[in-house]
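Peer 1: We have chain A already, so just place chains B and C on it with the hints.
Chains as they are written, first to last, in the working numbering: chain A, 124 to 418; chain B, 2 to 175; chain C, 271 to 316.
Hints listed in this document are in silico derivations from the structure and should not be mistaken for laboratory results. C-beta atoms are modelled at their ideal positions from N, C-alpha and C, and glycine is treated no differently. Fair warning: there could be bad hints in the mix.
What follows is a list of derived Cβ distance ranges for each label pair [to be verified]:
1. B:A167 x A:V266: 30 to 38 Å
2. A:I317 x B:M111: 34 to 42 Å
3. A:T149 x B:G46: 22 to 30 Å
4. A:R150 x B:T53: 27 to 35 Å
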Amino acid sequence: MMFVLRRWIQTAATALSNAYLLFPFTRNIYQGKLKSVCVPGLNCYSCPAATGACPLGSLQTMLATVRPSAKAGNAHIGLYVLGILGIIGSLVGRMPCAWLCPFGLLQELIHKIPSRKIEIPYWMIYIKYAFLAFFVVLLPLLVVDGFGYGTTWFCKYVCPAGTLEAGIPMLILQPQLRELVGWLYASKVGILLIFLTLMVFIRRPFCRIVCPLGAIYSLFNKVSVFRMVHHPDKCVLCKECYNHCPMGVRFYEGANQPDCIRCLKCMQESCKFGAISYEIAGLPVALKKKTTSPL
Amino acid sequence: MRSKLLATALSALICTTFFLACSQQDEAPSVQSGKNAVIPIDIAGVEELVKTRGCPLMLVVMASWCAPCRAELPALQRMHEKYKDRGLQIVGISLDIGGPSAMQPLVDQMNVTFPVYWGGEKVGTHYQISGIPLTYLIRNGQVVDALLGQRDEAFIEEKIVTLLDACEKEGAKS
Amino acid sequence: MEHTRKSGFFLLLLFVIFLVIGINTEEVAAVWEKAVNICLSCIGIE
Numbered sequence: 124m125m126f127v128l129r130r131w132i133q134t135a136a137t138a139l140s141n142a143y144l145l146f147p148f149t150r151n152i153y154q155g156k157l158k159s160v161c162v163p164g165l166n167c168y169s170c171p172a173a174t175g176a177c178p179l180g181s182l183q184t185m186l187a188t189v190r191p192s193a194k195a196g197n198a199h200i201g202l203y204v205l206g207i208l209g210i211i212g213s214l215v216g217r218m219p220c221a222w223l224c225p226f227g228l229l230q231e232l233i234h235k236i237p238s239r240k241i242e243i244p245y246w247m248i249y250i251k252y253a254f255l256a257f258f259v260v261l262l263p264l265l266v267v268d269g270f271g272y273g274t275t276w277f278c279k280y281v282c283p284a285g286t287l288e289a290g291i292p293m294l295i296l297q298p299q300l301r302e303l304v305g306w307l308y309a310s311k312v313g314i315l316l317i318f319l320t321l322m323v324f325i326r327r328p329f330c331r332i333v334c335p336l337g338a339i340y341s342l343f344n345k346v347s348v349f350r351m352v353h354h355p356d357k358c359v360l361c362k363e364c365y366n367h368c369p370m371g372v373r374f375y376e377g378a379n380q381p382d383c384i385r386c387l388k389c390m391q392e393s394c395k396f397g398a399i400s401y402e403i404a405g406l407p408v409a410l411k412k413k414t415t416s417p418l
Numbered sequence: 002m003r004s005k006l007l008a009t010a011l012s013a014l015i016c017t018t019f020f021l022a023c024s025q026q027d028e029a030p031s032v033q034s035g036k037n038a039v040i041p042i043d044i045a046g047v048e049e050l051v052k053t054r055g056c057p058l059m060l061v062v063m064a065s066w067c068a069p070c071r072a073e074l075p076a077l078q079r080m081h082e083k084y085k086d087r088g089l090q091i092v093g094i095s096l097d098i099g100g101p102s103a104m105q106p107l108v109d110q111m112n113v114t115f116p117v118y119w120g121g122e123k124v125g126t127h128y129q130i131s132g133i134p135l136t137y138l139i140r141n142g143q144v145v146d147a148l149l150g151q152r153d154e155a156f157i158e159e160k161i162v163t164l165l166d167a168c169e170k171e172g173a174k175s
Numbered sequence: 271m272e273h274t275r276k277s278g279f280f281l282l283l284l285f286v287i288f289l290v291i292g293i294n295t296e297e298v299a300a301v302w303e304k305a306v307n308i309c310l311s312c313i314g315i316e
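In isolation and in its complexed conformation, chain A is listed as follows (with noise of 0.2 Å):
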């Protein structure tokens, strides 16, 4: 019942994320005033569908025009995207990873293509917070031309997202734009390609591995008003939740770590001994087993 819900909402989320479906006939992006709110999830605002911003893209740009903008007078350090990105992780931490980001609903689609499945050594993990910390912070706030301008580097060399939702979309329709096409765009194809294949192998590849935006969002999960409880004293060690779960995260070993993104599955749908539960600001929420909670 949980795992349909979160479906549906996931689906939701999605379609609310790319809702614009004039751009057949426009064959141009959205433009409206929606553009200036950030989606909790991944989802590139040059995709023709898009409703909203990218956190990410949009957190990119304003480092990356720091200088220039202070030197106009402008203190734009991106505190209206952190300002976004903090208050949903002080409250759920990385739950719009579960629920409502469009890319992590793409992984869990095609890891259901059978096939023998890959697990990645733990310490990978961390990898995303290098991807944080260099393609989206450093790089382009330090790496600037002789105007004072960086790059969006985790756009512009990475995101697979970005290339799946606007830079092959948008070729097919502006097909000038195809004249462009050089070295750059291939290596991303191939990013894409690379990430597509793993997902049918390993559980949300990009979400573990790579993932800026869960970078950010897990840094809140030890400290969110909402987390996850782990009971040891009622834990079997039966290893359930980690065989179920979509982020690999052995859950057994302790509850809201970095990857866990509170899809509940493992509450609801793995552990038969009752010693998953969650908590709002503190106060444990009372479960029984079988029952749909609107969470």
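Peer 2: Coordinates of chains B and C only, in the frame set by chain A:
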């Protein structure tokens, strides 16, 4: 403990950003718009420009924060210098929401001598411009070509020469 | 444990302040300005 650490780290990040921004600010308040000042223009002004500027007119929509636009400026300046005597007119229009002051430092530092106007978001939304740099090639008030994205210099030059030839033929006839 | 329970709200307050400052310094318009233009270099086209 962790939350304090997190808060401290974030505050440190913010402070560093502020510091970097400010340290840059002190360096050069050099908006000496002596020669080529970026002038505000409205939609009527753009329409007027398209109608009255002769043949050919190259209208380049740009913004200061757009990397390909900045990269393209030197090539545009070279084209301007090379073909202005044959009648080519290049006009830049900036979409920056920050006003003319956003584009001015670029114009100054790159020694751009063709006119650059500031259209702001009004012009951008009115013409539904969704990608920049956007280069309109205009002949007697008619848009003959619209190029999206930064093109290499040879490509632009070829377009310009073709248009110049057409305009000169037309001029010879009349 | 008591301490970490409050920290969520402390951070929430901090980021609400960030958001308010961001809105008041017109960062919303700065985000919009970039989001309504296709970021060509972002999609691998330069």
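Peer 1: Output the indices of the hints that this structure fails to meet, ascending.
Peer 2: Result: hint 1 breaks, nothing else.
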